Amino acid sequence: MLFMEYLDILNEDGQSTGVRDLKDRVKQNGHWHRVVNLWIVNPQGDILQMKRAPGLTYFPNFWGTVGGHVQAGEHALDAVVRETLEELGISLNPQDLTHIFTDKAEYPWKDKTLRVFRDVYTTVWSGSLMNILLDPREAQQVSWFSRKELQNRYLDKNSEVFPLPQTYLDQLWCKI
Numbered sequence: 234m235l236f237m238e239y240l241d242i243l244n245e246d247g248q249s250t251g252v253r254d255l256k257d258r259v260k261q262n263g264h265w266h267r268v269v270n271l272w273i274v275n276p277q278g279d280i281l282q283m284k285r286a287p288g289l290t291y292f293p294n295f296w297g298t299v300g301g302h303v304q305a306g307e308h309a310l311d312a313v314v315r316e317t318l319e320e321l322g323i324s325l326n327p328q329d330l331t332h333i334f335t336d337k338a339e340y341p342w343k344d345k346t347l348r349v350f351r352d353v354y355t356t357v358w359s360g361s362l363m364n365i366l367l368d369p370r371e372a373q374q375v376s377w378f379s380r381k382e383l384q385n386r387y388l389d390k391n392s393e394v395f396p397l398p399q400t401y402l403d404q405l406w407c408k409i
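Under this note's numbering, residues 234 to 409 are what the sequence shown spells out, in order.
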């Protein structure tokens, strides 16, 4: 059975318009919608990153964090928990997640512009990489990176990291 994913269409202030549409149409038509990111940090301060699967439409083979779309009617916190389970096989307790900021961004991609509000969360996780069950449709590899190493990757314009605006990164480095 084919799963049809619907998203809430937002206005430029991030408020729901009351309209829902298929995810592909929302993106194709450049509508504002909500996504989530989760930055997982271990007790030593290293940051978990995953290398995106080669078959993904957007930024395949790039390193990034857990993330995904907030489905129509879904709360962002629930989306973070769902995405983490889907992508990494890690079941998180919502009480262990901290919302650190919301970012508004427009991404040119091929012949369209993606428009998103990103709710960004963090958590401390002391599990082992051996406990991660990657969904091969989403990711091909995971690794811990020191903060400095990850910051350098974002400064290197040739590095294959999921593109994030400097304003996002500035907020992130202050909060994790």
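Any given hint might turn out to be false.
[Claimed, not checked] In silico DMTMM-like pairs for lysine to aspartate or glutamate, Cα to Cα no more than 20 Å straight-line:
no.	residue 1	residue 2
1	284	368
2	337	279
3	284	393
4	337	307
5	256	279
6	390	339
7	408	307
8	256	245
9	343	403
10	408	246
11	343	393
12	345	279
13	337	245
None of these hints come from the bench; they were simulated from the model. The model shown is predicted, which means the values in this text are computed figures rather than measured ones.
Tested hints:
1. 284 with 368: OK: residue 284 and residue 368 at ~11 Å, within 20 Å.
2. 337 with 279: Since the Cα atoms of residue 337 and residue 279 sit roughly 26 Å apart, the hinted pair is violated (cutoff 20 Å).
3. 284 with 393: holds (9 Å)
4. 337 with 307: holds (19 Å)
5. 256 with 279: Cα-Cα ~33 Å, so violated.
6. 390 with 339: holds (18 Å)
7. 408 with 307: Roughly 25 Å between the alpha carbons, so the hint for residue 408 and residue 307 is violated.
8. 256 with 245: holds (18 Å)
9. 343 with 403: Roughly 27 Å separates the two Cα atoms, so the pair is violated.
10. 408 with 246: Violated, at roughly 23 Å.
11. 343 with 393: holds (17 Å)
12. 345 with 279: Violated - the C-alpha atoms of residue 279 and residue 345 are around 35 Å apart, more than 20 Å.
13. 337 with 245: Cα-Cα ~9 Å, so holds.
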